[in-house]
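As given, the protein sequences belong to chains A and B, one line each in that order. To convert a position in the first sequence, counted from 1, into our numbering, add 1357. To convert a position in the second sequence, counted from 1, into our numbering, add 1357.
It is worth saying that the hints were derived from the structure and are not from the lab. Hints may contain errors.
Since the list gives no way to pick one copy over another, a pair counts as held whenever it fits inside one copy or between any two copies.
DSS-like, lysine-lysine: derived pairs with alpha carbons at most 30 Å apart [as the list claims (entries may be wrong)]:
1. 1605 x 1627
2. 1605 x 1795
3. 1627 x 1702
4. 1596 x 1795
5. 1795 x 1627
6. 1761 x 1627
7. 1702 x 1605
8. 1607 x 1761
9. 1761 x 1596
10. 1399 x 1605
11. 1702 x 1761
12. 1795 x 1399
13. 1399 x 1627
14. 1607 x 1702
15. 1605 x 1761
2 protein chains.
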Amino acid sequence: MDIRSSALLTDLYQLTMLQAYVEQGMEEFAVFEFFVRRLPPKRGFFLAAGLEQVVEFLERLRFSEEELQWLAESGRFSRAFVDYCACLRFTGDLHAMPEGTVFFPDEPIVRVTAPLPEAQLIETRLINLLHYQTLIASKAARSVLAVQGQPLVDFGLRRSHGAEAGLLAARASYLAGFAGTATVLAGSLFGVPLYGTMAHSFVQAHLDETEAFAHFADAQPENIVLLIDTYDTETAAGKVVALAPRLKRKGLTIRGVRLDSGDLAVHAGKVRRILDEGGLPDVQIVVSGNLDEYALQALVAAGAPIDSFAVGTSMTTSADAPYLDCAYKLQEYAGRACRKRSEGKATWPGRKQVYRWYGADGRIAQDVVTVADDRQDGEALVQPVMEAGRRLAPSSPLADIRTKAAAELARLPESLRQLQDSPPVPVRISQALRDLAKSVDERG
Amino acid sequence: MDIRSSALLTDLYQLTMLQAYVEQGMEEFAVFEFFVRRLPPKRGFFLAAGLEQVVEFLERLRFSEEELQWLAESGRFSRAFVDYCACLRFTGDLHAMPEGTVFFPDEPIVRVTAPLPEAQLIETRLINLLHYQTLIASKAARSVLAVQGQPLVDFGLRRSHGAEAGLLAARASYLAGFAGTATVLAGSLFGVPLYGTMAHSFVQAHLDETEAFAHFADAQPENIVLLIDTYDTETAAGKVVALAPRLKRKGLTIRGVRLDSGDLAVHAGKVRRILDEGGLPDVQIVVSGNLDEYALQALVAAGAPIDSFAVGTSMTTSADAPYLDCAYKLQEYAGRACRKRSEGKATWPGRKQVYRWYGADGRIAQDVVTVADDRQDGEALVQPVMEAGRRLAPSSPLADIRTKAAAELARLPESLRQLQDSPPVPVRISQALRDLAKSVDERG
């Protein structure tokens, strides 16, 4: 079964609430919005991602025969409710910031307008999808900013949190500006460019390191990138120099070497010298091993002669901030705006829009969050995506989203692009929205 | 498609190495072991989990027609190699510590013995599965130790990293001692007990909080747990008291209330008093909201009148340590032990066994890691699981694994059970293993 589209991939309370809504006839239109409450420490912005998977989930939403049978046999639900579930589809509207949009706390990036049971049921998976890809795209963008144009590749599948995390991390990091991924399934499903070298086990399985390199070259003539740190990095670089002429006679050209341990800047410097002196100035140096945006910044600042970087666990788990404080909250029901007032978790009511103002330098200067039917200066970021359960336009090619993301990152204030602690971009709450909150609170 | 069993859910380099192995006829038996290099900060032990999913993955391993077609059309692989992939199955042996076993750094918890291409190909997904569930079981066990017997429920699907993470976090936390989960699919697939209450949106969608409670009670007569912090916690507790007699006349009994914000110890105290004075001493108090093992310890230490706890994001993302420094390394090929000597990443060579010694108090005193054919005193932890691609025994019921894990946690040294900084359990490397490493290094 495809767990990604299972209607049972949800919290039990969604189903129990649904039964109560249905029994009470509470099926009027509800408006929910997804937003992030605050920036993690040291972060200055978010990059929206995951919308495409949300739309696919909503388009396909239905209970299978087996799922309906499970509901019926669980003893928790009435026959009438199971029959209701059999017919349930998503028939609502979706508004959203396009994937690749930069955004800030308290800004709705997705708005769902649908009959209450539908809008409620989808909460868990919608958060699950938007949260993870936005988390990873926002993290990956920091590495992209750190390396200032050099290629980055996602090597993080193995320690990502399960199958879907690895797959979607490849998508989210590519969207954010990575050159590609090692995850083959992301190549076959999303068209993300694929990269790969060899593992230490490949070298170890051979009796001789040079022999391992030669075998790999024969098998992958178009992609000869040799891992040289299994035993001693500089010794192996010497073996590469010695091997190159032998390969050349067979018409094979070594494209690169990979370093995966030790002080990468120091090793890269020594290896570059060995390769250059050995007549291999075109052989590139790829590095990997516990890299995050700070390690990347340091390698770039040190002027280490590195041509590309592979980033793994720190990116696919967003290790320094492995979750976002996000929520999907009811903002309106049956035409009546509402908000939660729980301690420390109060939200702004009603359906909302975000307007973005740019400075004279073209950089993002300020956002204004206001009620959806208010008009403000600036660019309206929340756009219609689905109407009555159907997409309004075909999904954007991933390459186009990546181009958009690059343009968005280019418009960040310079201090945020430098990954420095810097004043946040101001997010202003409009007077119209404040007035609405006041009237909601006064109503009680 | 079920991405969980896709043969393309792997790193590109596994496929390119495979092609080289196959072309060179390097198909002799290889031994790989999975282990964790070090404990995350403040952690004292790991709890093994994920083996069942690894076995299922190995049993089902094969390239589908579509996957073979993708390989052929990618331009990266020879026709002969694609034909090899069409016939590829896992035909090897698997040894492992049973799920629910406590273990420590440098101890192999899984050993694969198989023809080199098979053992290599499975690396990425095997790590991906063992890493995540072991990460989560080890984290969840800390909450279990913190609450000293009170029920814990997993509420973490929404911010877990994708579909499989949420699903497997429910399994891993149940295995570690949680009472159950809110994730419905974990109930239907694994039989994990399900729990759930209501969301703030349910209360907000009603014009009146009491009316929301009454509707919920009608729809869920067996499971009336009311969320009381949407507006004002103590006011809502008063409404619960006022509502109870009305429900009682309909034969309905309120089982509990849930608090999700503010100072949970303070609110629980006040709410307990309101409920008791209102004649509802049997109504339980459930709390949730940013709980981790330290918050749980503090609530228990404060003597807060709380009956059960829901734990979410901090557990399903293992927020304070979102990954383990784990590896799956080649230890032997064609009867020849080997090891990687990369800086800071050297490993112990050969196929290994772990023996556990217990003290007079029945607690774990020391582990000894040695070569597999060495005999030592103590309990041998690594056991045969698969032979020639087949399970040696049916999979253990999850409830049995949970019972084993509880027994294992009971045998931890008391300081580790208290989550205190404490001396690690000693893991001794046997002389036989040291001798083997020396001979491997001398061989060059």
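Going through the hints against the structure:
1. Taking CA atoms no more than 30 Å apart as the test, residue 1605 paired with residue 1627 passes inside one copy only; the shortest distance there is 23 Å, against 80 Å between copies.
2. When the C-alpha separation of residue 1605 and residue 1795 is checked against a cutoff of 30 Å, the pair qualifies neither within a copy, at 76 Å, nor between copies, at 37 Å.
3. In this assembly of identical chains, residue 1627 and residue 1702 lie within 30 Å of each other by CA distance solely across copies; the values are 20 Å between and 54 Å within a copy.
4. Only between protomers do residue 1596 and residue 1795 lie at most 30 Å apart by alpha-carbon distance; the minimum there is 24 Å, versus 73 Å within a single protomer.
5. Only between protomers do residue 1795 and residue 1627 lie at most 30 Å apart by alpha-carbon distance; the minimum there is 29 Å, versus 66 Å within a single protomer.
6. For a Cα distance limit of 30 Å, the shortest separation of residue 1761 from residue 1627 qualifies neither inside one copy, at 39 Å, nor across copies, at 52 Å.
7. Proximity of residue 1702 and residue 1605 under a CA criterion of 30 Å is satisfied in neither setting, with 65 Å inside one chain copy and 33 Å between copies.
8. Neither within a single protomer nor between protomers do residue 1607 and residue 1761 lie at most 30 Å apart by alpha-carbon distance, with minima of 43 Å and 59 Å respectively.
9. For the identical chains of this complex, residue 1761 and residue 1596 are neighbours neither inside a copy (44 Å) nor across copies (51 Å), given an alpha-carbon limit of 30 Å.
10. In this homomeric assembly, residue 1399 and residue 1605 never come within 30 Å of each other (Cα to Cα): the closest approach is 49 Å inside a single copy and 53 Å across copies.
11. Within a single copy, residue 1702 and residue 1761 get their C-alpha atoms no closer than 32 Å, and across copies no closer than 40 Å, so neither meets the 30 Å cut-off.
12. Within a single copy, residue 1795 and residue 1399 get their C-alpha atoms no closer than 33 Å, and across copies no closer than 46 Å, so neither meets the 30 Å cut-off.
13. With identical chains, the CA atoms of residue 1399 and residue 1627 are never at most 30 Å apart, being 34 Å at best within one copy and 37 Å at best between copies.
14. For the identical chains of this complex, residue 1607 and residue 1702 are neighbours neither inside a copy (67 Å) nor across copies (35 Å), given an alpha-carbon limit of 30 Å.
15. In this assembly of identical chains, residue 1605 and residue 1761 lie within 30 Å of each other by CA distance neither inside one copy nor across copies; the values are 42 Å within and 59 Å between.
Consistency with the previously given hints fails for numbers 2, 6, 7, 8, 9, 10, 11, 12, 13, 14 and 15, ordered from lowest to highest.
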